[in-house]
Every structure is written in C-alpha cells, then in structure tokens.
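Protein chains: 4
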Amino acid sequence: MSDLEQIKIAVRNFTAERAWQPFHSPKNLAMALAGETGELVSLFQWLTEAQSRSLTPEQLADAADEIADVQMYLVALADQLGIGIADAVANKMVKNAQKYPADQFRGSARKYNDPPA
Amino acid sequence: MSDLEQIKIAVRNFTAERAWQPFHSPKNLAMALAGETGELVSLFQWLTEAQSRSLTPEQLADAADEIADVQMYLVALADQLGIGIADAVANKMVKNAQKYPADQFRGSARKYNDPPA
Amino acid sequence: MSDLEQIKIAVRNFTAERAWQPFHSPKNLAMALAGETGELVSLFQWLTEAQSRSLTPEQLADAADEIADVQMYLVALADQLGIGIADAVANKMVKNAQKYPADQFRGSARKYNDPPA
Amino acid sequence: MSDLEQIKIAVRNFTAERAWQPFHSPKNLAMALAGETGELVSLFQWLTEAQSRSLTPEQLADAADEIADVQMYLVALADQLGIGIADAVANKMVKNAQKYPADQFRGSARKYNDPPA
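Residue numbers (full-length UniProt numbering), protein chains in the order written: chain Y, 1 to 117; chain W, 1 to 117; chain G, 1 to 117; chain S, 1 to 117.
Any given hint could be a false lead.
Heads up, the list lumps identical chains together, so a pair's fine if it works in one copy or across two of them.
Claimed, not checked - Computed list of lysine to aspartate or glutamate pairs in DMTMM-like fashion (alpha-carbon distance at most 20 Å, straight line):
hint	residue 1	residue 2
1	99	87
2	99	49
3	111	62
4	92	49
5	111	87
For the record, the hints were derived by calculation from the structure and aren't laboratory data.
Remember, it's a predicted structure, so these values are computed and weren't measured experimentally.
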C-alpha cells in the first residue's frame, strides 16, 4: 500500500476510535490545517534563511511534528472530499509546468502573470 | 517507489529545471505553504459545514488544486530539512494517541489540556 | 491621538525595550502575523457557526488575546513598511465597492469574478 | 471618533449594503482573515529580509491592500464578538510584558518558555 494510503487509514482509525467524525467536515479540517500551518510557519519566523537551513536537533524535531500535523489534516481533508492526493498533485504539476515554462522562468521568482524583469 | 517519494522527485525536478533552489530555503517554503493554505481555507470560508461536504464539481476541482499545492510545498519543505514525512507522521501519531487517549476524548473536541465538560 | 497610532507607539516601545528591531523585518513580521492568525482560527475550528456566535467567557478571553496579537503584528508590519493602516483601509474600501457593487452582490457570497447563480 | 471605530462603522455599512451579515459568523470571519493573511504572507515569500525592507512601489501598494483586507476582517470579527480591539491590545500588552521581561529577553528571539542560550 502506498504511504499516503497508509496515512489515510491511520488517520481514519484514529478519528473513528475517538468518534471525531462529526467534527471533521471539510470546512473544519481546512481550519485545522490552517492552524497547524500557522504553528509550522511560526517555527521559522525569527530565523534567517541561513538558520532555517541548519536547524538545531530540537528545532528539527519540532518541525517534523508540525509537518506531520499538516500532513495528517491534509490527508483527512482530501479523504473527506474524496480527492486522491497523488492524482491531484500529478494534475497540478501539469498546470504549473504550463504556467511556468522552464525557459521563461529560470532563476526568477516572479509570478506567472508578472512581466519579466 | 512510494507516492510521497514520487512527489518528492517530481518537485525536485520541477524546481531544478527552473533553477529555483536558491529561493527554496525552509523559511521561504514555510511561507509558501502558509500562502497556499490560505487559498485552500478561503475556498470554504462562506460555505456552511453541510455545503463543504457536498461541493460542486468546480469547487471540488479548485480544492484538489489547492490541496496539491499544499502537498507539494510540504514535500519540498520536508525534503529541504531532510525529514521523512511518513516517519514523522508515524511518530506524531504515537504522541497524539498519548495526548488524546481514546476513552477520555470520545466525541469531545476539547483540547488535551482542557478539563472534561 | 488615534487608537491605531497609540498601538503603534506602544508596539514600538515594547520592541525597542527588548532590542527586537533586528528581528522585525517585514518578511518576519508577516510570518509572525500568519502564526498568530493560525492560533486565532484554531479557536473556532471545531465550533459550529452558531457556537462561534455565542462563545463562553473563557473562549471570548482567548479570542480577545489572539485578536490583540494579530492587531499588534499588523501594526508593526505596516509601521515597518511606512503604510498608514487607516488610509490603506479607506483606499481598499473604494476598490472593494467597485469590485462588489451592492446591487449585484446583495445576499451573495460569490467571488467578484464568478457569474451570478 | 477613533480610527478603529471608523473602520468598524465603514465595514458594518459595507456588509449591510450587501446583506452579507448571514455569512459573517465569527467562524467564517476567522477563516476569511486566515485567507487574507495567506495573501499577505505570500507577497514576501521569495523576498530576502533585506528586499522586504525596501519594496518597490508596486509591491508596497499590494502590501497596503492586503494589510487593509486583514484589518477589515479583524475589525469585523472583533465586532461580531463584541470585543474592543484597543482594550484587547492594552490587556495583552500587559501579559506580554510579564511573559517577556525586558531585561531577560533583550536581543533574544527565544520563546518565553525556552531557556536562555
């Protein structure tokens, strides 16, 4: 079984064991995801970019926990909506490749609808 | 290869083809993740919980795209930090199970450090 | 003095007394704002809309604290950028009124570029 | 009238003219706030801290618009909850000063419950 499938099953079981399904509307799960993302981003808020590239072991453990929380709510949300994440990613990558042709955006962080510098 | 591994490889290639690695510090990727999560949550902001459970095909397609964007930045962030997402989720689930024992939190949305109602 | 001005002065003093100005780049303040917004949104994630309209005194106190944190970082960010919040709001309201003409959007939550139902 | 009061009145009128009050539960407004914060943080995601301190006029105009959107939803949320923002900020500043005594946190970005370096 794929790892996203495994996470989905584990999250389903965890939720069912606590009878939390009534709380897990897509709306609510999107909010929970936003809350966890806020915790993740706050880990990096006072770090320089260089510091963020070489976290201490404790910072790394915190980041791993927050990444896990975001991943679990993302899986739960996709599951509630009947969306397969791997397929959604494959589809979006095709769109992104059209939006950002490699030869026009090399080394540039501009938005796809901004003019080249 | 697992699907999270496949996404990691695809995101790495996409980034490398555009020479975007210098922008992809963990700090910046955490911000990009927050931005995409904001787009995802905004899809649900004016919907009732019931409406969020039965999206129109167009809303569902938008949600799939935003879920994909969140997933891709999450994978990119974990990759930059050298964190394996599947392992991080497995570890965090053990912690969550200790924080929220099933018999004490059944049907309750209270926080682990709040008293029972 | 206006109340946004007063908050600005108070935040400046608080920051200066701790010599935190080097951390307060606009980039970092935007991240801190995202983190606090995440805490605010998480207060509401498992509540129904009806419950969110009648918070308990404790929930209300938590919401007030998080609203204050968001307000302080928003003021700090605007201050670092030299943006006057009251003017920015006045300008944006004019744009929003053009984007959402009252007679075309009455009672509708659709986006300005979506067709009427 | 104070400027936060003025914004509150303007937001109330804007909302009433479009009959949008039914959408404006605190839960929904917290989500809208998270969405706008996501847009604000995304403006800074690929900028260095130095670049974020010297925005181009166009970037500055975008930032002003997003700051305005965040401010308006924050005011709307506080209004729905019956929370006075200026008072909430004053109260929270007292708590923050106790959490972060100036002499112990000078020049340090550590969290209040982390040990000094």
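Each hint, compared with the structure:
| no. | hint | verdict |
| --- | --- | --- |
| 1 | 99 - 87 | within (19 Å within a copy, 33 Å between copies) |
| 2 | 99 - 49 | neither (27 Å within a copy, 27 Å between copies) |
| 3 | 111 - 62 | between (31 Å within a copy, 13 Å between copies) |
| 4 | 92 - 49 | neither (27 Å within a copy, 26 Å between copies) |
| 5 | 111 - 87 | neither (25 Å within a copy, 27 Å between copies) |
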